[in-house]
Structures are given as structure tokens and as C-alpha cells.
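Participant: Residues per chain are reported as follows:
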Amino acid sequence: MANAIEARGLRKRFGTTAALDGLDLAVRVGEVHAFLGPNGAGKTTTIRVLLGLLRKDGGEVSLLGGDPWRNATELHARLAYVPGDVTLWPSLTGGEIIDLLARLRDDGHDAKRRQELIERFDLDPSKKARAYSKGNRQKVALIAALASDAELLILDEPTSGLDPLMEAAFRDCVSAERSGGRTVLLSSHILAEAEALADRVTIIRAGRTVETGTLDELRHLSRTTIHAELNGPFSVEGLPGVHDAVLDAGRLRCEVDAADLNELLRRLTAVGVRTLTVRPPTLEELFLRHYATETAEAGAR
Amino acid sequence: MLPAWVYVVVIGVASNAYAFAKLYKTASSRAALVASGQSNPALLFLYGRLNGDSVGALTAWRYGVWAALFAILMSIFLVIRHTRGDEEAGRLELIGSAQIGRQAPLASAVAVAVVANVVLTAAICVILPLLGLPAAGSAALALAVGTCGLAFTGVSAVAAQLSSGARAARGIAIVVLGVAFMTRAIGDSAGANGPSWLTWVLPLGWTETLRPFADERWWVLLLPLAVFAAATWLAFELSDRRDQGAGLLPDRPGRPAATAMLRGPFSLAWRLQWGSLAGWAAGYAVLFAVCGAAAPGIGSLAGTSSALEKAFTRIGGAAAIVDAYLGSLMLLAGLIAAAYGVSTVLRLRTEETGDRADPVLSGAVGRVRWGLSHLCVAFAGVLVLMVIAGVATGLGYGLRAGGAGHQVSSLLETGLAQVPAVLVIVGITALAFGLLPDACVAIGWTALGLAVLINIFGAALQLSHWVLDISPFTHAPRLPGGTVAAAPLIWLCAIAVGLIVTGLSGLGRRDIG
Chain G
1 MANAIEARGL RKRFGTTAAL DGLDLAVRVG EVHAFLGPNG AGKTTTIRVL
51 LGLLRKDGGE VSLLGGDPWR NATELHARLA YVPGDVTLWP SLTGGEIIDL
101 LARLRDDGHD AKRRQELIER FDLDPSKKAR AYSKGNRQKV ALIAALASDA
151 ELLILDEPTS GLDPLMEAAF RDCVSAERSG GRTVLLSSHI LAEAEALADR
201 VTIIRAGRTV ETGTLDELRH LSRTTIHAEL NGPFSVEGLP GVHDAVLDAG
251 RLRCEVDAAD LNELLRRLTA VGVRTLTVRP PTLEELFLRH YATETAEAGA
301 R
Chain P
1001 MLPAWVYVVV IGVASNAYAF AKLYKTASSR AALVASGQSN PALLFLYGRL
1051 NGDSVGALTA WRYGVWAALF AILMSIFLVI RHTRGDEEAG RLELIGSAQI
1101 GRQAPLASAV AVAVVANVVL TAAICVILPL LGLPAAGSAA LALAVGTCGL
1151 AFTGVSAVAA QLSSGARAAR GIAIVVLGVA FMTRAIGDSA GANGPSWLTW
1201 VLPLGWTETL RPFADERWWV LLLPLAVFAA ATWLAFELSD RRDQGAGLLP
1251 DRPGRPAATA MLRGPFSLAW RLQWGSLAGW AAGYAVLFAV CGAAAPGIGS
1301 LAGTSSALEK AFTRIGGAAA IVDAYLGSLM LLAGLIAAAY GVSTVLRLRT
1351 EETGDRADPV LSGAVGRVRW GLSHLCVAFA GVLVLMVIAG VATGLGYGLR
1401 AGGAGHQVSS LLETGLAQVP AVLVIVGITA LAFGLLPDAC VAIGWTALGL
1451 AVLINIFGAA LQLSHWVLDI SPFTHAPRLP GGTVAAAPLI WLCAIAVGLI
1501 VTGLSGLGRR DIG
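As they're listed, the protein sequences go chains G and P. Using the working numbering, you'd call the opening residue of the first sequence number 1 and step up by one each time. Using the working numbering, you'd call the opening residue of the second sequence number 1001 and step up by one each time.
These are computed hints drawn from the structure, not numbers from a lab. Think of the CB as a built atom: it goes at the ideal place given N, C-alpha and C, for glycine as much as any other residue. A couple of the hints might just be wrong.
Short derived list, chain P residues pointing at chain G, Cβ under 7 Å [stated by the list, open to error]:
#, residue
1, Pro1195
2, Gly1254
3, Asp1511
Derived lysine to aspartate or glutamate pairs resembling DMTMM-like cross-links, with alpha carbons at most 20 Å apart [unchecked claim]:
#, chain 1, residue 1, chain 2, residue 2
4, G, Lys134, G, Asp85
5, G, Lys134, P, Asp1240
6, G, Lys128, P, Asp1086
7, G, Lys128, P, Asp1355
8, G, Lys134, G, Glu177
9, G, Lys134, P, Asp1355
10, G, Lys112, G, Asp122
11, G, Lys112, G, Asp149
12, G, Lys127, P, Asp1243
13, G, Lys134, G, Asp149
14, G, Lys134, P, Asp1243
15, G, Lys134, G, Asp124
16, G, Lys128, G, Glu60
17, G, Lys134, G, Glu119
18, G, Lys134, G, Asp122
19, G, Lys128, P, Asp1243
20, G, Lys112, G, Asp163
21, G, Lys128, G, Asp172
22, G, Lys128, G, Asp67
23, G, Lys127, G, Glu116
Chain G stretches covered by chain P per the calculated footprint, using a threshold of three residues with CB under 8 Å from any CB of chain P [to be verified]:
#, region
24, 43 to 57
25, 87 to 96
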């Protein structure tokens, strides 16, 4: 089966600034795909191109097998979208907006599911939208999307206004969606969320893809953190792939490239190890490494 | 926006003063105008009582109440936009969290409105003596207008505390304005034995009871100033007692689920806009019924000035003076309906910049369908307003002069004949929205402004024919009294359709947001 979303070398300019500068993104059918990047990296622009709201300046993009610009109307019946900054019609109630959004997608109306979600997210559907907080507005859009029978959910920072309890409810719902076979594109900068939910991850920076793959693949490319208490004297001299080593009174703290982990462990056990912690890199560390290079490059210039 | 309001009020006052000085050169012609103006209840309803027969008194009569009305509208929009409007949009939260007192936004909104009204007052104060009117009367008229604006600055500040929505807050203030206008109008037109004290009750009437240019009663100025002080004090007290984002009036809960009616972009557009159309329709019904009822007295009124008679026939385009008056009423109805049409089409832009277009367009809704949804509300609204204008004018005139049935059908025809011209203005706005979204607000209102300029002042300014021909309203038949030529109407419709189709295809090709 083809990918649900496929973008290659996507370009979009606003005036003189390039918002997207050759972005690649591939989301497989049935997976939860986390789309990560710092503010202004181009996540929302990419999503708006995918929704046919913006016209790409270059590159190729396909969505559910169609052209998001030319086939927008037909494709939209098969997807549901939760914007990052949910603005609603102030004079309509939350319940009315949930129903309206479903009808705008020509959706089959599952009243039971709608009611379940409203209770799950603890939303008062009879309040006017102007009286909702940011979190409640987000819940309205989320309930409308989750209650739909769309094949693809496009969620742009869907939990930025939710409290931890609601965030947990959201995670449960997305896990359920994945086992139900729906495809989810989840843009976020809450890395724990992506780590918990995503099958695969794409990290972008300044409109360009810098890393993509499963979390395991990405971790493999990155460094592992080692904490060890040693029995004898030790030196990292001559060891390949070891970084940021701190040796202090028989305690070692360092990071090591995945390829050189074995060699380091061999040398450590030769000296004798009292305690050892080996921690794979968190998504945050992956993310910060790309971020750090960016600031370093900027500094070097 | 602010300079535009000031302009409308100041130029309005000045052009009236200029016109009266020019059209009524002799004291006897003015006395005749006063006599017929005093005896026409419809004119008393619209403009109020005459306090004298000097050029200044006539100016104060003809435009005093209306200038005050515009100053009040300016104050309402200003205050609500910078208080409740910003609060509803969440902008005040950012400011409120900074090192700024919680009353500061209200205080600054009131301050801006006070400055605007002071500028207005000063401008009228300066410009009227330049046109040769007495300084004391000019100052009285200017202060009457400015203090009315101040009184409603206070009223709006209170309204902003009451409701949690800017639209509703504006509604509250405008209802108060409507009540003020109606009490004054009824008090003025009720006749000698009627409740003429009503003129004294609310701000708009004080522009008359101050008697500018006719032995000014200066102390009357204390009334609006007292309202301003009391209402502003109350607004600050209320704002001190409520939470950020909340209103004092409870938000009534609505439907927990949508009715079967709310099913797509068209029903959404209707749901968002019908309230405003209902308000416009009510205003049209009252205004044009009264203006129609004034028609039988127009003959004697215009007879007091041959220049005025000429002015009417120039604008109205027909020889019979009453028909000319009714014709210019229908032109006015068309121009105001065009303003409604422009604002309704521009709602598309507001929805787009407010990110409320995205949820609709990311549903299975094409851009053309979304664009048409609000355009259809504009068409339907324009049609409804012109039907109301025709029927209300016909009834108002017919019931006083006789032959109501005939008058209604003839004026309905005239009213509907303006619709194609209105649609051209709507079409220009739609075209701008599709092709030049950043400039569409300016383009829409400029197109309407040019039409107003050309058709209301063009003849008097003796503009050449090709300039007059630019405005679509020049080509609309000015019945009753003339024959309808179908060709110009068909042309106007074709142009409107062409503009709208081009605009919608532009909308289909451009970025949203």
C-alpha cells in the first residue's frame, strides 16, 4: 500500500522567507507519525499545504493517493484536522460545532461515540464557544476529529492547551485509533507524547527534514549515555566514539556512539564495574542535538 | 477608521451649513422652510424641532441629531473594540499579565474615545465660523455633538462589562442608542399635546434642547457630561468586580447539539449573519416608512427654495418634485444596501483572518462553495432590504397621500431596479477578496464611497458625464416617473456576475490565511 502522506522536496515561500525548503515526509498507512520541530520550523505550513489551504511552490506531494491542491474537497471527506490554534465561532455552542464539523465532512454521525468522547474529555457541549478556554476549544476540535470515521487524522499540536489528565485521555484515544487502523500525523513539540505514541518520527528544522525513521533507528544513530562506578583506574584515551567523558574518583560519565558501545563495555569490564547504567538517548536528546548544531552553526557564522 | 468617522461628522455638518447658506439666501425663504418643516411630523421625527430660522439653526436642525448619532456610533465601536473586543480575542490577557493595572485597558479605551470626540468638537468649532456662522452657536452645536459622543463612551464602557461577547456588548449600546433616537423622535413629532417632554429624556434630544444658534441654553451640556461621568464611574466599578473574560450577564447555555438546519457552509453563513440582517431590516422599515410619510410635505418644503427644487430634480432625475424625492430615497436605500452588502461579503475575510475558514475548508467544502455561502447571504440581504425600502416608502407615502396599493407597487419596482447596481458594488468587493485579499476591505469601502460621492454630490459638483457614468447607480432607472429600460439593468447584472465569477476563481487559486 502506498503511503498515506508523501512529500518530496516540498517548497513554500512567503515573500522572501522560505518557510519550506525541500521538506520530505512519508507517513505510512496505519501508523502514528510524529512530526517534530522547533517553533517556526514549518510544521503548520506543511500541514496547511497538505490540506490544500496553501499552494506549494515546488516539490511533490500526495495525500491519500491524491493531489491535496486539486482534489482537496474529495480528500477532505476522508480526513479530519485539528488546528494548533483552535478558533471557533463565538456564538455557536461546542456541541453545535462538533456536529457542524462532522457534517462539513459529510460524515456518518455516530451519536454514541460522540457522547462517549464528550464525557471522556469532560466537555460541556451547551456552552457558547466564546466562553471556552483554549483547552476546551481544543477539546471541541479533538472530539469532532476523533468521533469521525476519517482514515487520516491530522493533529497540529493537539494537546498544547490540555491539562495532564486530558492529555492522558488523548493518548489513550490515539493509541486506540492506531489499533483501529487509522493513520495519524501528530505534530508536536511535546517529545514525551511523541515518544509514547509514535511509530515513526520526522524531525524538521528550518523547513527541511533532518531526521526520519522509527525511534529505534534514530536512537541507533545517536549516542548512549553511560554512568559507571569502577574498581580500578581507567582512561578513555584511544577509545573511539566516546564523547564528553568525565572521570572523577572512580566514577565515569560519558556518551558513546552506538557503533562503539561494545568496545567501551569491554574495556570497562576489564577494569571491573561496580555499578553500571546504560541509557538510550531520549527523543529530547535527539532533538536537542539537532537544535544544538543549529545554534553552533549560527555561532560559527 | 477613526479619521473616517471624524470626516463623516465634520464634513456632514459643514456641507449642510454650506448648502443652507447657498440654497436659502433670504430670511423669507428660510422662514417658509421653517414653517413647512415645523408642520411635517415625519421631518420632525427624522430631524427634530426647529429652534429658529437662521442658517445656523437650520444646520443644527438638519444635521445636529445625525452628527450626534454618528459621533455616538464612533464612540461605541471604539470603546467596545478596545475593551471587550480585545478581551474576547484574548489579546488583553497578554497585556493584563504585563505590568499594567487591570483597569488600564478600559481607561485607555475611554481616553481614546474622549480624544476622538474632542477632535470632532474642535473641528466643528473651527469649520462652522469659517463658513460664516456665529461662533457661539457653532461652539454649542459642536459641544452638543461631542458631549453626546462622550455620554455614549460611558454607556459603551458599561455595556462592555455586561456581556462576555463584543457583538452582544455592541448590541446593548446600539439598542440604547435606538431607544434614545426613538424617544426623541416621538417627543418631537407627537405634536403640541403629545409627550414632548420625551425629547428631554435621553442624549440625542439634548442636541435640540441646547438650542444652538438660538439663545443657547448652555447648562444643558451638563446633562451628557453627567451621564459620561456616572457611566464611566459605573464601568470602572463593574470591571473591578468581574473576572477577566467574564461578563456580568450570565452566558445562557445553548443547544448541546446542532439542529438539522445547521448542516453546511450555507446554513453556517446564515446562522452567523441573520441577526445583523434582522437589525438592518428593522432599521430600513422604520427609516423608509418615515421618509415615505414625509413625501407629501416635500412639495411645500421644496417650494421654499427654487435651488433646492433644482437639487432634488437633479439627484432624482424626474421633473415631478415628489417623484424626484422618492427617487432619491430609493437611491439612498440602494447605497445603504450596498454598505450592507460590502460588510456582509467582507465577513469572508474576517472569517479567513480569524482562522475560522480553515475548519470549513478542511471539511469536504470547496472554496467556491464557501465563498458563495456568504455571497448568497449578501444577495438575499440586499434583496430583502430593497423590498423593505420600496414597500415601507410606498406605505408611508400612500397612507398619507392615498393610493397605497399603487404607491407600494411603483416604489417596489424602483427599489428592485437598484439591486443590479448594488450587486456591482458587492461584486467589486468579492473580486477584491478573491484577487487582492489584503486590500479587499479598503477596495470594497472605497468603491462604495466613490458611488456615494458620485451619485449624492456628483450632480452638485457638476462632474462631467463620464465621471458620473463610473458609478453603477447612475445607470439604475430612477423611477417613479420614468420608463424602465431593461438594457442597463441586464448590463449591470452581467458585470456583477463577471466580477463575482472572477473573484471566486481567484479565491480558488490563492493561499488561504
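Participant: List in ascending order the numbers of the hints, as given earlier, that are violated by the structure.
Facilitator: 1, 5, 8, 13, 16, 20, 21 and 22
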